[in-house]
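Enquirer: So you can see what is in the structure, the chains are spelled out below.
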Amino acid sequence: FLAGFGSLMQDVLWCFSQVKGTIDTGVTESDIISTVEFNHTGELLATGDKGGRVVIFQREQESKNQPHRRGEYNVYSTFQSHEPEFDYLKSLEIEEKINKIRWLPQQNAAYFLLSTNDKTVKLWKVSERDKRPEGYNLKDEDGRLRDPSMITVLRVPVLRPMDLMVEATPRRVFANAHTYHINSISVNSDYETYMSADDLRINLWNFEITNQSFNIVDIKPANMEELTEVITAAEFHPHHCNTFVYSSSKGTIRLCDMRAAALCDRHAKFFEEPEDPSNRSFFSEIISSISDVKFSHSGRYIMTRDYLTVKVWDLNMENRPIETYQVHDYLRSKLCSLYENDCIFDKFECVWNGSDSVIMTGSYNNFFRMFDRNTKRDVTLEASRENSKPRAILKPRKVCVGGKRRKDEISVDSLDFSKKILHTAWHPSENIIAVAATNNLYIFQDKIN
Amino acid sequence: MLGRGLKRKLSDYEENMAGLSSAFDSSRSLPYPLKRQLVLNMCLTKLQTYKMLVEPNLHRSVLIANTVRQIQEEMRQESNQQPVNICPGIAPASHSYAGMESPGISLQLPSGVGQQESHCCDVRSVEDPIENSLLIVSDDDMSSAISSILKDLDFVEDISPPTCLVPAGDDQPKFPENTGLKLEDDRQDLKGAECVFGSFEISNSTSYLKDLAIDDIFEDIDTSMYDSDFCCPPLMPPRSPSLATEEPLKTFPSCNSSSANNIQICRTDLSELDHIMEILVGS
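First to last, the sequence lines map onto chains A and B.
Using my numbering, you'd call the opening residue of the first sequence number 1 and step up by one each time.
Using my numbering, you'd call the opening residue of the second sequence number 1001 and step up by one each time.
One thing to keep in mind: the hints can contain errors.
[Unchecked claim] Derived pair list, reagent style EDC-like, types lysine to aspartate or glutamate, alpha-carbon separation capped at 20 Å:
1) Lys250/A with Glu1074/B
2) Lys294/A with Asp190/A
3) Lys407/A with Glu386/A
4) Lys420/A with Asp24/A
5) Lys1051/B with Glu1078/B
6) Lys90/A with Asp1152/B
7) Lys1151/B with Asp218/A
8) Lys1151/B with Glu225/A
9) Lys90/A with Glu1074/B
[Said to hold, decoys possible] Which bits of chain A does chain B cover? Going by a derived footprint, with three or more residues having C-beta under 8 Å, they are:
10) 159–166
11) 285–291
12) 429–442
Please keep in mind that the hints were generated in silico from the structure rather than gathered at the bench.
Please read all numbers here as calculations on a predicted model, not as lab measurements.
Idealized CB from N, CA, C, for every residue including glycine.
Next up, chain A with everything else stripped away, as it sits in the complex (with noise of 0.2 Å):
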């Protein structure tokens, strides 16, 4: 379904598809939506949330009767990624709550996926079992065991078909390799290795190896009073299996060639754009901080995220961004109270489309934002329960700053800090976008004409 994928902005038009999750407005902690991701095809989407389950939704098989229905998601695992754990050695409670998941392309019959908490990764196989044995001779139906003694005939147990069930189990798990808090994993193009990163270092693991994994980052001082970077997000390039970018916490990149050394203490390029004299503030360096980074799918450029700014870097020229978005500028303004609440900590991520032609990241008041980086034009949309309707068109929002707030405009006091949309994932190859807004996840198409 490539029609208008790719389009220009003013061409798509996005309709709400569905909502998962309840509409309590208690929002129970444990089902707060921690991370989303489409898997490669776009067939699955996962979710992660607080409490460490992982939900995996399928799309449905697109039917001639009911065109208007393009392939809803629907639930298709549910599983216990990770339980709540205590470190007795330094009496800390380890959450389990699932900061990231990461598909495996897929190889077999079977889906694999990474998902991650604090310290643990995990590899889990997703399986469908539709068949299953009968006619065993040592056992009856229920499992027992029959009598030897009783039983006279032999016979070949035979596969006949059962309902439909999908399992879950975890096949390798990845522990002990990470002192600080894993905020990234990537799986690399040559799908033997993938990386975990943490607030200062970066391992590289195989597959197959779950008690060892290769340091290919430290930036751990010797002094930890020294300490004035920490490292925010990591991923692999989607096509060289030996380069990697990582994120800092002082608006930084740094792009790494892991041919060139064991440990890539000492990078290949560093992205970073200087600071602009007239934006200074207190807050100028904790506003800088990444809180995302992603490659194009493409390969040819990056996209990083922090507080009020999306930028797109080309890997050929680290010295400034070659397009820089504005997220929400308005909130420039009212750093200080930000700060005090601890929203500026908030971490948003950021995502491409299939093409590379639109990005998109999320903001507070359940609204998030999509730039079309061909056209300039940039749209505000809200995932709320009101503009749920079955293929309602969503209304492009807009936040008024001072002076006079038209009608349907929203002044930038009444926004609410607590509806914060951090995680949104984006079809790899058709215009469906899954937002995440705190327990619910919505699903939005393009309209069909």
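With chain A held as given, fit chain B onto it using these hints.
Expert: Okay, now just chain B, sitting in the frame of chain A:
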């Protein structure tokens, strides 16, 4: 939005701070030094709060510490340029950088939150609620606040010399073992020749030990002899008998109960110890 272990109660102080920060944002007439002081106080309060948590957030702590350092540097440069305005009545040990034209600041912060209460001179601008809520903090206090929070974040790590642990058999690492792994500076003098894999962290897959109270296992063992800086046992030949017998013992790694890996090291060392004792005693 404070972390675990700290219940957030709405107190007068917090209401005050919320009011102050919106005053910061909305007021253009607030003098710069006052704004700076306000931000500084907020930073130090946050660091103080994080210190009380079992596991402070490293990312946030670093960002806040950097902000404090930046303000600190600015204030230092200013004080170098102009005489310091010290109010009488402040304890002589602390240097208070008032750095503002307005006379006297008094403190209204509840105890347990503020770092230090310094009672200023008699002239107070009681009418100005913003000024009345600010805390004068010394340069030393700022530095020590940053240092202490960052030091606390330096977790003791479960790193053991991998040469003692690489399992024989099929589970061999697929990566080349000697491709320029970096030795951390603070361990360079501690590692013996065998410990090449400075950055190669081995994880302990024997999870069955996780549930045991490790301290109980080692209750009977007197580990005072194993208090050594070496983490890897260099297999040295026994020294001349004239030396005290304690000395060879000190070359063995510290047998602290930090992981199952060290349990194996200790057992190895005890048998080596026996061997050396036999040689020394000549039996």
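Enquirer: Hint by hint, say whether it matches the structure.
Expert: Hint check results:
1. Lys250/A with Glu1074/B: Roughly 19 Å between the alpha carbons, so the hint for Lys250/A and Glu1074/B holds.
2. Lys294/A with Asp190/A: holds (18 Å)
3. Lys407/A with Glu386/A: Answer holds: Lys407/A to Glu386/A is near 17 Å, not above 20 Å.
4. Lys420/A with Asp24/A: holds (17 Å)
5. Lys1051/B with Glu1078/B: Roughly 30 Å separates the two Cα atoms, so the pair is violated.
6. Lys90/A with Asp1152/B: Judged against 20 Å, a Cα distance of about 12 Å means the pair holds.
7. Lys1151/B with Asp218/A: Cα-Cα ~18 Å, so holds.
8. Lys1151/B with Glu225/A: holds (6 Å)
9. Lys90/A with Glu1074/B: Not OK: Lys90/A and Glu1074/B at ~37 Å, beyond 20 Å, violated.
10. 159–166: Per the Cβ count (0), the hint is violated.
11. 285–291: Check passed, 3 qualifying residues.
12. 429–442: violated (count 0)
Checked against the numbered hints above, the structure violates hints 5, 9, 10 and 12; every other hint is satisfied.
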